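Undergrad: In case you want the letters, here they are:
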Amino acid sequence: MKTKILDIKNLDVNYETLAGDVVALKEVNLSVREKESLGIIGESGCGKSTLAYTIMDYLPSNGSKFGEINFKGENLLKKSQREMEKVRGNKIAMVHQNPYSSLNPSLTIGAQLDEVTVFHRGFTARQARKASLKAMEDLYMGDPEGVAKRYPHQISGGMQQRICIAMALLCRPDLLILDEPTTALDVTTEIVILDIVRELKEKYDMSMIYISHDIGIINKVSDRISVMYRGEVVETGPRSSIFQHPEHPYTRALINCMPRSGIVKEEARLNTITGYVRRRSTSETGCPFAERCEKKNAVCESEYGMKRRAKDHFSACGRAYADDIADKKLESLKIKTNGESSDKKLLEIKDLFKYYGGPFKKVRALDGISVTLNRNSVLGVVGESGCGKSTMGMTVSGLLKPTKGRILFNGSDISVSYKRRSPETLREIQLIFQNPGRSLNPSFTLEQIIGRPMKKLLGIKSRSERRKRIIEILKKVDLGEEYLNRKATQLSGGEMQRAAVARAFSTSPELLICDEPTSALDVSVQASVLNLLGQLQQESGASYIFISHDLNVINYISDYILVMYLGRICEYGTKDEVMHTPGHPYTAALLSAVPDVDPSLEKEVIRLEGSPPDPTVKIKGCPFAGRCYRKVGSICDTEFPPLRKYSEAHFAYCHRE
Amino acid sequence: MRNILTLLKKNPMAVLGLFIFFIWIMASVFGPSLLRFTYTEMDMDHQMTSPGEFGHLLGTDSLGRDIFARIVYGSRSILTIALMTSLFSSFTGIIIGFSAGYFGGKVDQIFLRIMDIVMAIPPLVLSMVVLGILGGSSIFSLTLIVSIAYTPAMARVARGALLSCKGNEYVEAARIRGESDFYIMFVEILPNTIGPVIVEITARFAYSIMLIASLGFLGVGLQPPTPDWGMMVIENKSIIRVAPWAVLYPSLAIASLVIAISLISDFVSKVLIHEN
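Residue numbers (this note's numbering), protein chains in the order written: chain A, -9 to 647; chain B, 37 to 312.
Think of the hints as simulated: they come from the structure by calculation, not from any bench.
Each hint should be verified, as a subset may be incorrect.
[Said to hold, decoys possible] The calculated DSSO-like cross-link candidates involving lysine-lysine, where the alpha carbons are at most 30 Å apart (straight line), are:
{"no.": "1", "chain 1": "A", "residue 1": "Lys477", "chain 2": "B", "residue 2": "Lys45"}
{"no.": "2", "chain 1": "A", "residue 1": "Lys81", "chain 2": "A", "residue 2": "Lys16"}
{"no.": "3", "chain 1": "A", "residue 1": "Lys394", "chain 2": "A", "residue 2": "Lys69"}
{"no.": "4", "chain 1": "A", "residue 1": "Lys394", "chain 2": "A", "residue 2": "Lys193"}
{"no.": "5", "chain 1": "A", "residue 1": "Lys477", "chain 2": "B", "residue 2": "Lys46"}
{"no.": "6", "chain 1": "A", "residue 1": "Lys25", "chain 2": "A", "residue 2": "Lys335"}
{"no.": "7", "chain 1": "A", "residue 1": "Lys394", "chain 2": "A", "residue 2": "Lys301"}
{"no.": "8", "chain 1": "A", "residue 1": "Lys409", "chain 2": "B", "residue 2": "Lys306"}
{"no.": "9", "chain 1": "A", "residue 1": "Lys394", "chain 2": "B", "residue 2": "Lys142"}
{"no.": "10", "chain 1": "A", "residue 1": "Lys621", "chain 2": "A", "residue 2": "Lys340"}
{"no.": "11", "chain 1": "A", "residue 1": "Lys352", "chain 2": "B", "residue 2": "Lys142"}
{"no.": "12", "chain 1": "A", "residue 1": "Lys55", "chain 2": "B", "residue 2": "Lys45"}
{"no.": "13", "chain 1": "A", "residue 1": "Lys593", "chain 2": "A", "residue 2": "Lys610"}
{"no.": "14", "chain 1": "B", "residue 1": "Lys306", "chain 2": "A", "residue 2": "Lys351"}
{"no.": "15", "chain 1": "A", "residue 1": "Lys593", "chain 2": "A", "residue 2": "Lys608"}
{"no.": "16", "chain 1": "A", "residue 1": "Lys466", "chain 2": "A", "residue 2": "Lys565"}
{"no.": "17", "chain 1": "A", "residue 1": "Lys394", "chain 2": "B", "residue 2": "Lys202"}
{"no.": "18", "chain 1": "A", "residue 1": "Lys477", "chain 2": "B", "residue 2": "Lys306"}
{"no.": "19", "chain 1": "A", "residue 1": "Lys55", "chain 2": "B", "residue 2": "Lys202"}
{"no.": "20", "chain 1": "A", "residue 1": "Lys55", "chain 2": "A", "residue 2": "Lys(-8)"}
{"no.": "21", "chain 1": "A", "residue 1": "Lys81", "chain 2": "A", "residue 2": "Lys(-6)"}
{"no.": "22", "chain 1": "A", "residue 1": "Lys16", "chain 2": "B", "residue 2": "Lys46"}
{"no.": "23", "chain 1": "A", "residue 1": "Lys(-6)", "chain 2": "A", "residue 2": "Lys16"}
{"no.": "24", "chain 1": "A", "residue 1": "Lys(-6)", "chain 2": "A", "residue 2": "Lys297"}
{"no.": "25", "chain 1": "B", "residue 1": "Lys142", "chain 2": "A", "residue 2": "Lys391"}
{"no.": "26", "chain 1": "A", "residue 1": "Lys351", "chain 2": "B", "residue 2": "Lys202"}
{"no.": "27", "chain 1": "B", "residue 1": "Lys202", "chain 2": "A", "residue 2": "Lys477"}
{"no.": "28", "chain 1": "A", "residue 1": "Lys409", "chain 2": "B", "residue 2": "Lys142"}
{"no.": "29", "chain 1": "B", "residue 1": "Lys202", "chain 2": "A", "residue 2": "Lys391"}
{"no.": "30", "chain 1": "B", "residue 1": "Lys46", "chain 2": "A", "residue 2": "Lys55"}
[To be verified] Listed next, the stretches of chain A that the computed footprint assigns to chain B, with coverage defined by at least 3 CB atoms under 8 Å from CB atoms of chain B:
{"no.": "31", "region": "79 to 85"}
{"no.": "32", "region": "403 to 416"}
{"no.": "33", "region": "439 to 448"}
On a predicted model such as this, the values are computed, not experimentally measured, just so you know.
Glycine included, each C-beta is placed from N, C-alpha and C at the ideal position.
Work out the full structure: start from the sequences and follow the hints.
TA: Have a look at this one:
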């Protein structure tokens, strides 16, 4: 067996807060072996980042730590600040989630990279620059010398993250900690970064800790996996054994809540975990997961503790069974449409343009979009950030006035801003935002938040009448009457998003625009919000425009899928057509980049180089041509591709037959 | 409520501030009716008496007037004016700052430039000029001028607080519900800006006291015989060697009130802004 490079023993971290002491880490035992990649997974608030910060000695001043962190035989917790400076960067390096805030905006990329070797390894300026350029080449960056002269804001997010990784690797650390390095990036960029990370680990013989909330990603990069829950490591084992035979009910539940291919809203509800990750006080004992566990019984308290379940596989509980896995397919759900025919048009978008900015430099956010949405159906809109999907949602909702083009809603033209729309239209179109913490006013109670649209748009003057309706709606979103007087700040993330859904449904809208409604939520909560949205859609017969970057989510909820790129439509079709027989190379690349939950499904990944072109420049040819791997010829660069129809509903814009 | 008590327990300086402020409020409300002397009464037999003699707790000035009585009476006017100015300037400041930030563009530019002009003139100079033109000072004119001098600062804070909330999606949600601009500004946004606004109000309160005292010191404050702390300092400047208490105690009164309010202001900002 390889030697352990990092060995954490009984590590406790507590934070002192106004509300009393909070446990961030409890009796964490972890080890990373040489040349090994350890994945750490768990929901937010489970102590993953705290663990990384503790190793790096980055804890805030109200954090106190006890235990041992042995790195190459030395206890890091016993080291002074000065001694830690020699370890940080040199021996252990870290890459953070948001590359843009990790880079100094006022220094060039080259200067920031050079600084690392000058400071840590005593290089001269010339040596340092040479090393920096070499590091950038190792990360497959074209034109390293050009990039070195640029500032962080002049390169894309994926490039920024590569620079951060290059910076971490410049000192040849023995251990690299990556804290959600791809969470802020698009899927097509993410897959490239993941490849690089895997390759560099082999090349430099380093050990690695990879922290993520996404099982699909952890699956791709780690040899062993540790699952954390409320500050404890509840299960550790080799990757395959964690996925195929999870022992802890939390691990099983976490794997189960991921939306995956083949699970759609007509047939199944996603698995969820009830409740949410609560803060932990110092007095709590026993299994941290007990309150949310389906397998809870009398011995949970007394028999709890890490045990060896198989070779190299340890778990604090062994009650997850193999037959727990199946998503519950419900026969009753198959009766879809409630009466109304779904061929009637609800919304027609005709040649819609939206430009931002002045007369000299226009950002072409929407560059001629035409699409139709039928009654009682869900249109999933997918694409990378900057493709115009949110702009489309905002023009339909009226928050933005389109530059050109028409939006017809129930036959009447609504291509104006919200100020000039009739109260009737305002009532019919509702919006659900990405971040519920920002979309619910923190000063109001739920009764005020949900009651206001009823008063304003439905004209219900009587308070008791409104309250009756609010309670009804709260019940529909699985919140009880006791939530009436709670403020948004007193709710968990999932509860907040439910309240936001309740507000949107309070006026019984015909069209609901959901702009990344689950992106800010944890997987377990995401599953329950998706279930709720799916169920309410089927019950109410409302139509959705569901905007998301996550194809698994889109796959679960949508009837039709619209793929966008650089403000234009790439492909449109029914869900099955787009998911199974994608016509456009971009769609195919997106689909292949989605990390899979099941490690046995190793699919061919299409890697896209570069990033979308500058939206301020008018492109003559196909917008995707610069990154396309299936180009027909020069025609792709000179002419906008024709519409190719694959079936009655399915079409794409591509030169390839 | 219990929350506030536990917070106070951890902040002894805030308790001290509140204690001193409480004493001044009590003194201004009930003090005058409990005094042995009135503020105009001249004890011709005991001019420049040292503190504690002949029933004069803090001594007398050159006219034999009781320093203690004058300080207690003086607290009434200074607290009244400071309270009114901080409320009045925050009211106008919020309206101006909110309109500027909410509507943006030209409205923002015009309001900001006007505020810049007012801010460019030092408050002391501004007040002296205006009071000079108006002739005598009264509680009303002092309140008015100090409010005008401090409105721009309040407007800027209010504008900044509004801008930090304006980007939140609950504002967009209100817009597509067809709410009026007035409703969005003052019902949706205002409650969420209350932290920085209240901190600014308490800070303005302390500044107002200093400005009023300075005006009194320069002789354009409240007119005699109304006792004014700043005026007491300058009146007794000539006898500072023989009767230092006549200068010392009014100065201490100003300092203690300003420090007390500053301590409270620090606490409020800690609780309302930094802890969240």
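Undergrad: Compare the structure with each hint and give your call.
TA: Tested hints:
Proximity of Lys477 of chain A to Lys45 of chain B is assessed by CA-CA distance (about 27 Å); at most 30 Å being required, the pair is judged to hold. The hinted pair formed by Lys81 of chain A and Lys16 of chain A meets the criterion: a straight-line CA distance of about 26 Å does not exceed 30 Å. A hinted pair counts as satisfied when its Cα atoms are at most 30 Å apart, and Lys394 of chain A with Lys69 of chain A does not qualify at roughly 64 Å. The suggested pairing of Lys394 of chain A with Lys193 of chain A is violated, with an alpha-carbon distance near 53 Å, which exceeds 30 Å.
For the hint pairing Lys477 of chain A with Lys46 of chain B, the CA-to-CA distance comes to about 27 Å; that is within 30 Å, so the pair holds. With a CA separation close to 58 Å, the supplied pair Lys25 of chain A and Lys335 of chain A exceeds the 30 Å bound. Among the hinted pairs, Lys394 of chain A with Lys301 of chain A is inconsistent with the structure: their alpha-carbon atoms are about 64 Å apart, more than 30 Å. With a C-alpha separation of about 40 Å, the suggested pairing of Lys409 of chain A with Lys306 of chain B is violated against the 30 Å cut-off.
For the proposed pair Lys394 of chain A and Lys142 of chain B, the alpha carbon gap of about 26 Å is at most 30 Å, so the pair holds. Taking the CA atoms of Lys621 of chain A and Lys340 of chain A, the gap is near 29 Å; set against the 30 Å cutoff, the hint holds. For the suggested pair Lys352 of chain A and Lys142 of chain B, the alpha carbons sit about 22 Å apart, so the restraint of at most 30 Å is met. A threshold of 30 Å between alpha carbons decides the hint, and for Lys55 of chain A with Lys45 of chain B the separation of about 26 Å falls inside it, so the pair holds.
Note on Lys593 of chain A and Lys610 of chain A: the hinted pairing is violated, with a Cα-Cα distance of about 34 Å set against a maximum of 30 Å. Taking the CA atoms of Lys306 of chain B and Lys351 of chain A, the gap is about 44 Å. The hint is violated against a cut of 30 Å. Between Lys593 of chain A and Lys608 of chain A the CA atoms are separated by roughly 36 Å; this puts the pair beyond 30 Å, and the hint is violated. The suggested pairing of Lys466 of chain A with Lys565 of chain A holds, with an alpha-carbon distance near 27 Å, which does not exceed 30 Å.
Between Lys394 of chain A and Lys202 of chain B the CA atoms are separated by roughly 27 Å; this keeps the pair inside 30 Å, and the hint holds. Note on Lys477 of chain A and Lys306 of chain B: the hinted pairing holds, with a Cα-Cα distance of about 22 Å set against a maximum of 30 Å. For the suggested pair Lys55 of chain A and Lys202 of chain B, the alpha carbons sit about 40 Å apart, so the restraint of at most 30 Å is broken. Restraint check for Lys55 of chain A and Lys(-8) of chain A: satisfied, since their Cα atoms lie roughly 28 Å apart, inside the 30 Å limit.
Distance hint between Lys81 of chain A and Lys(-6) of chain A is fulfilled; the C-alpha atoms sit about 15 Å from each other, no more than 30 Å. Straight-line distance between C-alpha atoms of Lys16 of chain A and Lys46 of chain B comes to about 28 Å, which keeps the hinted pair within the 30 Å bound. Distance restraint check for Lys(-6) of chain A and Lys16 of chain A: the Cα-Cα separation of roughly 21 Å lies within the 30 Å cut-off, and the hinted pair is therefore satisfied. For a cut-off of 30 Å, the pair hint linking Lys(-6) of chain A to Lys297 of chain A stands: about 20 Å separates their Cα positions.
Our distance criterion of 30 Å between C-alpha atoms is met by Lys142 of chain B and Lys391 of chain A, whose separation comes to about 20 Å. With a C-alpha separation of about 26 Å, the suggested pairing of Lys351 of chain A with Lys202 of chain B holds against the 30 Å cut-off. Between Lys202 of chain B and Lys477 of chain A the alpha-carbon distance is near 19 Å, which keeps this suggested pair within the 30 Å criterion. Distance hint between Lys409 of chain A and Lys142 of chain B is fulfilled; the C-alpha atoms sit about 20 Å from each other, no more than 30 Å.
Proximity of Lys202 of chain B to Lys391 of chain A is assessed by CA-CA distance (about 19 Å); at most 30 Å being required, the pair is judged to hold. A distance of roughly 23 Å separates the Cα atoms of Lys46 of chain B and Lys55 of chain A; the hinted pair therefore holds under the 30 Å criterion. As drawn, the region 79 to 85 of chain A meets chain B at 0 residues by the rule of a beta-carbon pair under 8 Å; below three, the given contact is violated. Counting residues of the region 403 to 416 of chain A whose C-beta sits closer than 8 Å to any C-beta of chain B gives 4, which meets the bar of three, so the coverage hint holds.
Counting residues of the region 439 to 448 of chain A whose CB lies closer than 8 Å to any CB of chain B gives 4, which reaches the minimum of 3, so the coverage claim holds.
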